[in-house]
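Undergrad: Residue numbers (this note's numbering), protein chains in the order written: chain S, 10 to 186; chain A, 678 to 1032.
Simulated from the structure, these hints should not be mistaken for lab results. Accuracy of the hints is not assured; some may be wrong.
Residues on chain A that point at chain S, a partial pick, calculated with CB under 8 Å [said to hold, decoys possible]:
id	residue
1	851
2	853
3	855
4	938
5	939
6	1014
None of these values were measured; they are calculated from a predicted model. Just so you know, even glycine gets a beta-carbon here, dropped at the ideal spot from N, CA and C.
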Amino acid sequence: METKVLFAGFGGQGVLLMGQLLCKAAMHEDFEVSWMPSYGPEMRGGEANCGVVVADEPIGSPLVTEPDVAVIMNKPSLDKFESQVRSGGTILYNSSLIDRKPARGDVRVIAVNCNDIAQELGNPRVANMVMLGAFNKAATNLPVESLIGALRATLGESKEKLIPINRKAIETGEALV
Amino acid sequence: MAKLLMKGNEAIAEAAIRAGCRYFFGYPITPQNQIPEYMSKRMPQVGGTFLQAESEVAAINMVYGAAGAGARVMTSSSGPGISLKQEGITYIVGAELPCVIVNIMRGGPGLGSIQPSQSDYFQATRGGGHGDYNMPVLAPASVAEAAELTAKAFDLADKYRTPVLVLGDGMIGQMMEPVDMPEAFPQTVPEKPWATVGWSDKSARPRAVVNSLYIDPKVLEQHNIRLQEKYVKIAAEQVQVATELTDDAEIVLVAYGTMSRIARSAVRAARAEGIKVGLIRPITLWPFPSDTIRQAAKTAERFLVIEMSAGQMIEDVKLALNGARPVGFYGRMGGMVPSVDEVLSEIRKTARKGE
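One chain only, chain S, in its complex shape:
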């Protein structure tokens, strides 16, 4: 088993964090993981993406050039990466911000209006966690507790109060798929 995932969006949408949480949660479940960010002369509000590989044996190339699953948070990323997804793969896209459906007919397409849902949950900043929940249900199926554990390890003790809203976001996302 080897799953290659691309997370892409604007800087600030938490796409790099989504990838890191997936890695930490999968690592906790004894999978091999790698996380590779786009890096360059990036700017705030510019494009950000990372490629994650989750596998049950040592990972060869950490580069994700033909993702099995693409998690797309904004329209420029959909335009850029839609064609790269493996035939038979999955595209999850942020239908709150992207006003067109992916045109590909050979992939599974899942619309997630994660910004709207996050707003309804009371914290617009958990949009990425809604998407991460939907992604996890559609692709990796890791225990929610592992994702929460990864988030806890990342946020640190001082942010413990943010765990309940993030848990709710992940669970709401999972329920969509």
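Dock chain A against chain S, hints included.
TA: Frame of chain S; chain A shown alone:
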């Protein structure tokens, strides 16, 4: 030991600290900036010294000073900065002092790009600065190995009184992978009677002098002979290499660092197509695992070298084979990374040549 998810750059910095490094001098450059950033936070916590110098030239000369005093010291940079450090590095070699230098390579020449590259291989393995010298060059292929080899670099440096270079690229610096790091790496630190640590008690030991200037050529030749003997010893004792599926391989790929990861994926895919292909991954680039290459030539008909350069390590593969087998090459330059499909297609082409 809990596994941590770390960037290669962070793992290198943490491993250095856990291997006893207490001095870091550097100057910023992408894609290695997480090393000084991490050091600036961690060094004060362990009672060490972090200093951002005014230039790479200053940084390497601070390394020279700390190494001369017998401290475990490190600097890091990327190609353009490593070029600036070459004067200091060759002085450190001449004075026979231990230190660790990290080069997280980016596309060149000149300021080039900030994307991953392996085009500093010649500079790394042929010395880099002026004079007849080599230094051990360690090339990690994973974040865990980057930590391991950085720790090892300090022991090698102390054992042979030489700079040791850890050679990675932007990919290994930026990527995150799990690392299982010990609280402290086992350290072998020899006595350092040569260290210049003050001479207030003149009866306690002879005066130590740090120097790389030998005006009398007869004396300098003796110094050089001693250095060369040291290199022969390192070459005999410290070659490190990994092989995979080479036993029955008709085609053998040779790739190091992150390129070996891409090559490995391509090798697996080619095996699934029935092509008998294996992989040799030099971990020490100097000393180069020439014996392993020659050994593989007993079964392999062809070699294929994969690099993110115009073809540099291929020269060492050819030197090892000395014309015994044809050696093909595939590489990308300037920060472009060969894909698994590109490498697979080169393997197929190489296999067709053998038919």
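Undergrad: Against this structure, judge whether each hint is valid.
TA: The hints, checked one at a time:
1. 851: Hint on residue 851(A): holds, closest Cβ of chain S at ~5 Å, below 8 Å.
2. 853: Holds. Min distance 4 Å.
3. 855: 5 Å, holds
4. 938: With a closest approach of 5 Å, the residue 938(A) hint holds.
5. 939: 5 Å, holds
6. 1014: 6 Å, holds
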